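Residue numbers (the UniProt record's numbering), protein chains in the order written: chain A, 1 to 68; chain B, 1 to 257.
Derived from the structure by calculation, the hints contain no laboratory data.
Each hint should be verified, as a subset may be incorrect.
[Unchecked claim] Each pair of labels, with its calculated beta carbon distance range:
no.: 1; chain 1: A; residue 1: S5; chain 2: B; residue 2: K241; range: 20 to 26 Å
no.: 2; chain 1: B; residue 1: F85; chain 2: A; residue 2: G49; range: 25 to 31 Å
no.: 3; chain 1: B; residue 1: L186; chain 2: A; residue 2: V29; range: 22 to 28 Å
no.: 4; chain 1: A; residue 1: R42; chain 2: B; residue 2: A43; range: 19 to 25 Å
no.: 5; chain 1: A; residue 1: R42; chain 2: B; residue 2: F181; range: 20 to 26 Å
In this text the structure is predicted, and so the values were computed from the model without any measurement.
Glycine residues also receive a C-beta, built at the ideal position from the N, C-alpha and C atoms.
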Amino acid sequence: MNWDSWGDFWAMGGDGLYVWSAYLVALVVIFTEIAVLALTRRSILEHLGRYAKIARKERKPRNEDSRF
Amino acid sequence: MPALSSTLSSDESLPMTAWSQATPQRGYVQAGRLCPWFALAAAVLCSIGLFVGLVVAQTDPHQHEHYRIAFIHTPSLWLSVGIYFVTAGMAGYGQARRQRFLSMIASALAPTGALFAFLALWTGSLWGKPIWGAWWVWEARLTVELLLLFLFLGYVALQEAIDDTRRADRASGLLALLGAFGLPLLYFSVFRWSSMYGTPPQNLSAPDSPVISAGILLMGLGLFAYAVSATLARLRNVILKRERNSEWVVQNFGARA
């Protein structure tokens with residue numbers, strides 16, 4: 001263990017601004033990617049559902065038994 | 001997704017032995033199965049890695065606490081370079097063998113590669129400031145890393161800009177291969193150039209200690225696992241988008257609305 005207190009830990013011997021901004025940006029970028037991936041998946045699934053609905057109205061359904 | 005797995009159950013008994021058998025449908029199922037495990041591994045390894053790097057590792061007599069940026073910078077650098085060559089390989093081989101599934105993997109890899117290239121540059125800049133006295137210097141490694149980021153962004157932009165996926169794969173694959181051959185050439189020529197016309201600034205390097213090396217390695221493995229899980233999640237999105245007209249997608253996902 002390198003630190004005596006939480007204050008020591010956050011100060012990082014005066015280099016806190018550099019060290020923490022590096023980790024903060026990494027955290028933000030990674031969680032943004034995760035959120036974008038989840039949102040993209042949701043919008044694709046919505047599109048696929050709407051797309052099939054239109055296709056079903058236009059012609060006879062391919063397979064009535066297939067439910068998700 | 002019980003219905004989905006039951007319709008695909010005939011595929012599950014077959015191991016993924018060759019790329020020629022890697023159909024988008026089977027890839028979708030496999031990616032969904034593996035993704036959470038890689039995400040879990042990433043969370044565990046990164047937590048241990050950060051604990052080792054930020055809490056356990058000793059203060060360095062020369063760099064003080066500043067070297068602790070290495071625990072995010074060095075793995076990002078490795079991963080961005082590694083992902084780039086895998087992307088270029090997949091895209092190139094996919095074109096040569098007409099395997100569109102490989103092109104889908106390349107397309108799923110590139111944005112995560114761009115993320116790590118960006119992180120490597122950003123954290124490198126924060127680390128370099130007190131060492132070089134500047135946020136940015138035109139040094140071989142940094143210059144190549146910047147080009148790497150541009151190549152990733154160019155790859156993603158080409159994929160997004162061209163509607164016809166076959167043409168998009170061909171164009172972006174060409175760009176990726178160009179970079180894969182160009183970057184090493186450039187890297188070594190810049191090194192030669194700087195040794196003839198001046199000394200390069202001091203490289204960023206973490207202090208040599210087993211604890212610090214262990215921390216960097218753990219973070220490297222953790223971020224590698226993260227990159228795999230993010231790529232698998234994106235691969236699923238890419239497959240659904242590209243295969244939206246195929247029977248299995250329409251049957252399994254169309255009936256939801």
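Do the hints match the structure? See the list:
no.: 1; hint: A:S5 to B:K241: 20 to 26 Å; result: violated, 51 Å
no.: 2; hint: B:F85 to A:G49: 25 to 31 Å; result: violated, 38 Å
no.: 3; hint: B:L186 to A:V29: 22 to 28 Å; result: holds, 26 Å
no.: 4; hint: A:R42 to B:A43: 19 to 25 Å; result: holds, 22 Å
no.: 5; hint: A:R42 to B:F181: 20 to 26 Å; result: violated, 39 Å
Of the numbered hints given earlier, the model fails hints 1, 2, 5; all others are met.
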